[in-house]
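One-letter residues, chain by chain:
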Amino acid sequence: MTKHLTDAKVVGQRILNATTKEMDLIAPDIAAEALPGQFVNVQVTRHTAPLLRRPLGVAGVDRENGVLTLIYRILGEATHVLAEACTGDVLSLVGPLGRGFERSAQKPLFVGGGTGLAPLLYLADDFCARGIKPDVLMGGRTETELFWKDLFAGKAGKIGLTTDDGTLGAKGTVMALLPEMLQAEQYDIVYVCGPAPMMKAVSADVLARKIPCQVSLEKYMGCGLGACLSCSCQGVGRRIKVCKDGPVFWAQEVAEW
Amino acid sequence: MVRWLYHNRLATDIAGLKMKTPVTTASGTFGFGLEFTDFLDLEKVGAITVKGTTLAPRAGNKGQRIVETPSGILNCVGLENPGSDVFLKETLPQLRHYDVPVIVNIAASSPEEYGELAAKLDVDGVDAIEINVSCPNVRDGGMVFGTDARSLARVVKQVRKQTDKVVITKLSPNVTSITDMAKAAEDAGTDALSLINTLLGMKIDIHRQRPVLGNVTGGLSGPAVRPVAVRMVYETARAVQVPIIGMGGITCADDAIEFFLAGASAIAVGTENFINPAIAETICQGILEYMDRHNIKKLKDMIGLALPNA
Chain A
102 MTKHLTDAKV
112 VGQRILNATT
122 KEMDLIAPDI
132 AAEALPGQFV
142 NVQVTRHTAP
152 LLRRPLGVAG
162 VDRENGVLTL
172 IYRILGEATH
182 VLAEACTGDV
192 LSLVGPLGRG
202 FERSAQKPLF
212 VGGGTGLAPL
222 LYLADDFCAR
232 GIKPDVLMGG
242 RTETELFWKD
252 LFAGKAGKIG
262 LTTDDGTLGA
272 KGTVMALLPE
282 MLQAEQYDIV
292 YVCGPAPMMK
302 AVSADVLARK
312 IPCQVSLEKY
322 MGCGLGACLS
332 CSCQGVGRRI
342 KVCKDGPVFW
352 AQEVAEW
Chain B
16 MVRWLYHNRL
26 ATDIAGLKMK
36 TPVTTASGTF
46 GFGLEFTDFL
56 DLEKVGAITV
66 KGTTLAPRAG
76 NKGQRIVETP
86 SGILNCVGLE
96 NPGSDVFLKE
106 TLPQLRHYDV
116 PVIVNIAASS
126 PEEYGELAAK
136 LDVDGVDAIE
146 INVSCPNVRD
156 GGMVFGTDAR
166 SLARVVKQVR
176 KQTDKVVITK
186 LSPNVTSITD
196 MAKAAEDAGT
206 DALSLINTLL
216 GMKIDIHRQR
226 PVLGNVTGGL
236 SGPAVRPVAV
246 RMVYETARAV
256 QVPIIGMGGI
266 TCADDAIEFF
276 LAGASAIAVG
286 TENFINPAIA
296 ETICQGILEY
306 MDRHNIKKLK
316 DMIGLALPNA
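Residue numbers (this note's numbering), protein chains in the order written: chain A, 102 to 358; chain B, 16 to 325.
Isolated chain B, as found in the complex (with noise of 0.2 Å):
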């Protein structure tokens, strides 16, 4: 159990989002938050970041959809939900039971449709917007997005115009620059940057000589990208001025404070949170634990430790 005695020393803000504890879920691994309560207590993560939701239910793809490679994943779930409406009327009314902030995860297939499910979801309960730009999953948007710096800033501008939540924009790693596209989200106006989401990957059956995936390519997540993570943290810490959510391949505390290290103010834990159900709320004993070995009075004090002239 954390000691939560000392539970302040661990508060983080994102752009106004008050977390009381730096952990936060990365979408599409946490389902609805819901699917976890016997594992940990829910008011002790940061943040709950619910799966990436459509203004329609999404069906997602066919075929396989994960297959594990090594020390990772790759999924090709194609954003299935239930769409913005079930959201609101099933999912929010229970996870406002619990006193955590709830992240709603956001995915549409024009800057217009973006702007419109972010006014949509600006109701009580919600608490910030993470744009997905960044699904390489489905055909219909996501990805172009997260790819093309002006298309980019696009989404970010209908997305601020229709909400005073805080907006969080999640970037691919499927990019030359990383930093052009922060860049580009910090112009166009968002409060935060989460990254990264999932590589572009693919696995070959060799027996039956096909894609193994429905999807034939999917997203790489898990300890294998978690390198490729930090550097990311890193360079985009250097560049911008807004707060960052760390993710990638996050599987204990040590991970985590590599990327505090490297400039995140909070991080999200994805793909361990399959293996491990309760790893959100272990973490934070686990940051406690080094901070105390280091020193380290306040999270705060610890971020972007690593980054040069700090």
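Chain A on its own, in the form it takes in the complex (with noise of 0.2 Å):
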């Protein structure tokens, strides 16, 4: 797989929810080989501040149209100037980056929390292609929180809900429906993609259950290519880049979260 360096044009931006854009771009060469769990690397401005660039991951692809779908949060100085790119405003990207999920499964859970939801979103479509629908575990701090359910609609099976407050679904972390949904069905892998606390408790419950784990790491990265080395962190046994041996890994293979 080649990595691309080209400047995309944006086609649009979706309000999702009040720190939550969606963002559509051309961008063929990408599109055409970007797999879920993989990410772009954006260029937010051509200045200097920001400067470095953000990584994305890729929330769905177009490949008829060379559309590519971001989903990002409006958190800090990039992503404030990324929500103001316009329709015909063109970005510089890089990627496809990093190694995507195995897709083999047949019977696969879900589990994502806040924006870790956007890669698990195309994987969705991906396993939707192949006849499989799968159930999505999601949890969030509050129900404006989570309107992924709307954008998983029609892609997945079950979906379960849980917000911290109780104002959606079951009350508590992802942790309070993980267990009975894992008993529910014979799943034969789980996805998780979300905070790392998240990610650490869902993955030991998971393999306590010998059932197979991927889960996608997030380190602040410089580079997206391996040359950095901001994101490398420890593995069971090697140092691992969370930009190039990752994001996605399986769960046994993290030593550090």
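Hint data in this document are derived by calculation from the structure and do not stem from the laboratory. Only a predicted model underlies this, so the values are computations on that prediction, with no experimental measurement involved. All the pointers check out, no bait thrown in.
Partial pick of chain A residues on the chain B-facing surface, computed with a CB cut under 10 Å:
#: 1; residue: R154
#: 2; residue: S193
#: 3; residue: G323
Glycine residues also receive a C-beta, built at the ideal position from the N, C-alpha and C atoms.
Combine both chains into one complex, guided by the hints.
The structure is reproduced here in structure tokens:
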């Protein structure tokens, strides 16, 4: 797979909630090759600040039209700049980057929270194309963070919801529903993508039941290419670079959350 | 694409290290070069300067290692690298498939260990040794040798004794007088100088009320440091005879040209490799365009043009 450095035209942005946006870009080279779990590194401005690119997980592709979909939270300076991009603006992208999900399972469960659900959306498209609708367990702090359930509508089987404040679904973290979902079905893989404590807790439970588990790690990245070692961390028996060896890892490969 | 027809116009020579183009990559910003082959032709880079290498493997620093600052970044990677054995056995053979000089950046914790490492790297496929005496992110050595002229001289002498490769000493900007350090390295036998390494800096997370970086302080690089780097190259070029590889915040050909005019014989692209992984090759095209506009036939003709009495 070739990594591309390419200019991509913004063809639209959509507000998903007060702090989350979805952006479509024309990037045929990347759309043709990007696999679920991979990411692109987005240059939000041609100026020198913010300087670094921002890694964003691919949330979907439309290969026919060469369109790449990204979903991001407006958190810091760079994502604020990104949020102001208009249709027709051109952004520089590097991608597709990293190693994506293993996709040979027949009965997957997805567990996610926040923008961790973005790469799982693309993974759901991929499973649906093979006639498999994955079950999805998603958690958020409050109801407004679970707009994701609408994005997964039609792509998912059962959808489990949890909120910290109990405003939607079960009260608590995803751990409040995970055991009963794992007991109800014979899943042959669990994919987890969300905050580190979620991935740590979910993968521990899943591995204890001898179910294969993949996690998608997030670490501050400088280059996304394996050169700067910003995202290097300790794996089991070896150093791992989240950007290049991951971001997707088998849960048992991870030693440092 | 660079017009390779005019290739020889960009040639430069760092104390016998022949570079087809005057652009190399700053250590630590280009991995081992192999990470960038999708974006540029390694053979069109003047030389590959690889990640800082130590005798034994190093895991580097814990916690956050890079943070963005105004037009720059702070890093405290802490010399994570697989060690000299892995470099020699696994990485160097891959680099030898490319017709491009390899500069190996070395770091150690004593002058003797610098010498030992230089001797170990005195092998075919390594074209030059860059002495890293300016890493601000490791406690055992590194910058201590880069901020004291006598310690610096001891390191350079040890390395000089152990290798016939071109010896380049990378200077730290975290000193009162860059020219004192440059002269000490020159007197100790370095063939060339590279400057600047990163400027020591710090960022505090005002919400957590703690330093952002795992190592508390880090090295500042990127466009923010460029004026400091240009000034130091300019001062150093007036003080020493040995050739200079200039670096610090270069993002484009215009930035690179400032360094040539200040007296650098070659330049290195650093942080910008993270943002534009093709930059080392594309800068060459811009240098040629500048030379055309200003009727400069060969790169060598513009080195030091901004120096007094040039």
